[in-house]
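Number of protein chains: 2
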Amino acid sequence: MLSISQKKYVNSLKQKKFRTQCNCFVVEGIKMIEELLQSDYEIESIFATSSWIENNNSVDCIEISEKELNSISSLKTPNEVIAVAKQMDSQLIDVSSELTIALDKIQDPGNFGTIIRTADWFGIKNIVCSEDSVDAYNSKVIQATMGSFFRVNIVYTNLNEFFSKNSDLTVYGALLDGENVYKKQLKHKGTVLLMGNESKGISEDLISYITDRVSIPKFGNAESLNIATATAILCSECKRV
Amino acid sequence: MLSISQKKYVNSLKQKKFRTQCNCFVVEGIKMIEELLQSDYEIESIFATSSWIENNNSVDCIEISEKELNSISSLKTPNEVIAVAKQMDSQLIDVSSELTIALDKIQDPGNFGTIIRTADWFGIKNIVCSEDSVDAYNSKVIQATMGSFFRVNIVYTNLNEFFSKNSDLTVYGALLDGENVYKKQLKHKGTVLLMGNESKGISEDLISYITDRVSIPKFGNAESLNIATATAILCSECKRV
Numbered sequence: 000m001l002s003i004s005q006k007k008y009v010n011s012l013k014q015k016k017f018r019t020q021c022n023c024f025v026v027e028g029i030k031m032i033e034e035l036l037q038s039d040y041e042i043e044s045i046f047a048t049s050s051w052i053e054n055n056n057s058v059d060c061i062e063i064s065e066k067e068l069n070s071i072s073s074l075k076t077p078n079e080v081i082a083v084a085k086q087m088d089s090q091l092i093d094v095s096s097e098l099t100i101a102l103d104k105i106q107d108p109g110n111f112g113t114i115i116r117t118a119d120w121f122g123i124k125n126i127v128c129s130e131d132s133v134d135a136y137n138s139k140v141i142q143a144t145m146g147s148f149f150r151v152n153i154v155y156t157n158l159n160e161f162f163s164k165n166s167d168l169t170v171y172g173a174l175l176d177g178e179n180v181y182k183k184q185l186k187h188k189g190t191v192l193l194m195g196n197e198s199k200g201i202s203e204d205l206i207s208y209i210t211d212r213v214s215i216p217k218f219g220n221a222e223s224l225n226i227a228t229a230t231a232i233l234c235s236e237c238k239r240v
Numbered sequence: 000m001l002s003i004s005q006k007k008y009v010n011s012l013k014q015k016k017f018r019t020q021c022n023c024f025v026v027e028g029i030k031m032i033e034e035l036l037q038s039d040y041e042i043e044s045i046f047a048t049s050s051w052i053e054n055n056n057s058v059d060c061i062e063i064s065e066k067e068l069n070s071i072s073s074l075k076t077p078n079e080v081i082a083v084a085k086q087m088d089s090q091l092i093d094v095s096s097e098l099t100i101a102l103d104k105i106q107d108p109g110n111f112g113t114i115i116r117t118a119d120w121f122g123i124k125n126i127v128c129s130e131d132s133v134d135a136y137n138s139k140v141i142q143a144t145m146g147s148f149f150r151v152n153i154v155y156t157n158l159n160e161f162f163s164k165n166s167d168l169t170v171y172g173a174l175l176d177g178e179n180v181y182k183k184q185l186k187h188k189g190t191v192l193l194m195g196n197e198s199k200g201i202s203e204d205l206i207s208y209i210t211d212r213v214s215i216p217k218f219g220n221a222e223s224l225n226i227a228t229a230t231a232i233l234c235s236e237c238k239r240v
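Chains as they are written, first to last, in numbering that gives the first Met the number 0: chain G, 0 to 240; chain W, 0 to 240.
One thing to keep in mind: the hints can contain errors.
Put simply, identical chains are the same to the list, so a pair is met inside one copy or across any two.
[Claimed, not checked] Straight-line C-alpha distance at most 20 Å; calculated EDC-like pairs for lysine to aspartate or glutamate:
(1) Lys139 x Glu197
(2) Lys16 x Glu43
(3) Lys217 x Glu62
(4) Lys75 x Asp107
(5) Lys186 x Glu97
(6) Lys66 x Asp131
(7) Lys238 x Glu222
Hint data in this document are derived by calculation from the structure and do not stem from the laboratory.
Predicted, not measured: the structure shown is a model, and the values here were computed from it.
Work the whole structure out from these sequences, hints included.
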């Protein structure tokens with residue numbers, strides 16, 4: 000049974016303000032909770048329907064009805080279980096020997112989540128975001144990662160400072176007038192792939208940190224590629240040998 | 000001024016049933032209407048605020064208020080103008096000498112729209128979808144294409160029949176156990192890239208039409224890539240020489 004205060008609490012976490020205040024976030028659905036349970040994230044509470052509890056009887060949780068689940072879910076089709084977990088401070092790991100993704104002012108949660116999933120596929124450990132990027136603990140971001148959220152380090156920082164501190168890295172900047180990536184072997188060690196905002200591209204003040212301007216050749220008429228799509232193609236180009 | 004029946008009509012087109020019945024669909028926003036006006040699509044009506052009309056005074060349209068725009072928009076942030084256009088019957092063009100994308104039961108409108116945008120970027124003329132795929136005239140599909148919708152032929156058909164009729168084509172099937180695409184030069188003429196449903200993959204009855212099982216190497220731990228992401232990487236692999 001879900002108390003009124005629990006309902007209020009979980010629903011409040013849909014807003015960044017309250018997530019930051021409580022240092023918590025929400026995870027939904029069978030697959031995502033399975034990944035959460037395997038991760039290092041500390042779980043505060045799990046709300047689940049009887050069907051989920053039957054299959055996970057060793058997990059400590061609060062039984063709720065389908066109707067109660069609906070009242071706290073952000074999904075169109077709620078999926079048996081919702082958890083509240085503690086946010087964690089991520090640290091960048093081995094940037095000097097890894098491929099890192101840098102996101103400048105990314106705004107769309109679906110795009111961000113898809114990029115995290117792509118990073119996990121390509122074994123990319125770190126994503127560094129400008130401080131004005133969308134919150135990674137936004138439920139749409141988390142759901143779009145399909146579980147990859149728990150395996151990639153996401154760090155918010157001042158990108159100017161990040162690039163200044165890591166001036167020995169090769170920085171690939173995705174620009175429409177960059178060098179054809181099909182004619183260039185991109186590296187995947189000690190490199191950063193810098194992607195700009197969905198509509199405005201890379202900020203002026205970050206352009207000077209780019210060591211290699213790169214571009215995905217265009218054969219048709221679209222003005223640009225979706226940012227998650229472009230990031231994926233460029234990650235693939237870095238990883239293909 | 001927006002009449003009650005106009006409001007009712009535009010809102011009804013959010014549902015596939017009414018779109019099919021009226022053979023119409025809705026397009027929103029400055030950029031999209033600009034692309035619509037340049038396309039071959041027949042426009043039934045345009046509803047616009049005074050700010051849009053000021054910049055487009057040669058276009059025939061009905062002036063509405065911001066509030067009226069809000070009452071018929073599907074967007075969180077309505078953008079000056081909404082049009083109703085007639086659906087068109089698309090025809091596949093030059094399949095035997097082109098790269099075609101085949102989508103089996105694609106469900107997510109955002110993914111579908113992103114794939115259409117990617118197709119337009121890579122100069123892919125045709126997308127063929129199974130009949131149970133999401134409706135291309137869904138407003139979320141149209142908006143995610145960022146204007147590419149008007150430049151790509153989208154045809155719904157029985158994919159079994161399509162592959163039977165086009166048995167001379169090379170069919171790349173994206174499968175987790177396929178051949179490493181980095182070690183294989185994919186072709187972009189007389190080829191079809193077959194992508195499966197977001198959660199279920201390629202249908203059993205279509206597997207036999209695949210001539211080349213292909214796969215994007217995995218370096219990390221994600222179970223799969225987003226379908227729009229995977230499609231983009233594979234299109235890029237076909238187009239890179």
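Hint-by-hint comparison with the structure:
1. In this assembly of identical chains, the alpha carbons of Lys139 and Glu197 lie at most 20 Å apart whether taken from the same copy (17 Å) or from different copies (17 Å).
2. Taking the closest pair of Cα atoms, Lys16 and Glu43 come within 20 Å of each other only inside a single copy of the chain (18 Å); across copies the shortest separation is 44 Å, beyond that limit.
3. In the homo-oligomer, the alpha carbons of Lys217 and Glu62 never lie at most 20 Å apart, since the shortest distance is 53 Å inside one protomer and 38 Å across protomers.
4. In this assembly of identical chains, Lys75 and Asp107 lie within 20 Å of each other by CA distance both inside one copy and across copies; the values are 19 Å within and 13 Å between.
5. In this assembly of identical chains, the alpha carbons of Lys186 and Glu97 lie at most 20 Å apart only when taken from the same copy (10 Å versus 32 Å across copies).
6. In this assembly of identical chains, Lys66 and Asp131 lie within 20 Å of each other by CA distance neither inside one copy nor across copies; the values are 36 Å within and 30 Å between.
7. Taking CA atoms no more than 20 Å apart as the test, Lys238 paired with Glu222 passes between copies only; the shortest distance there is 18 Å, against 26 Å inside one copy.
Against the hints set out earlier in the document, violations occur for numbers 3 and 6.
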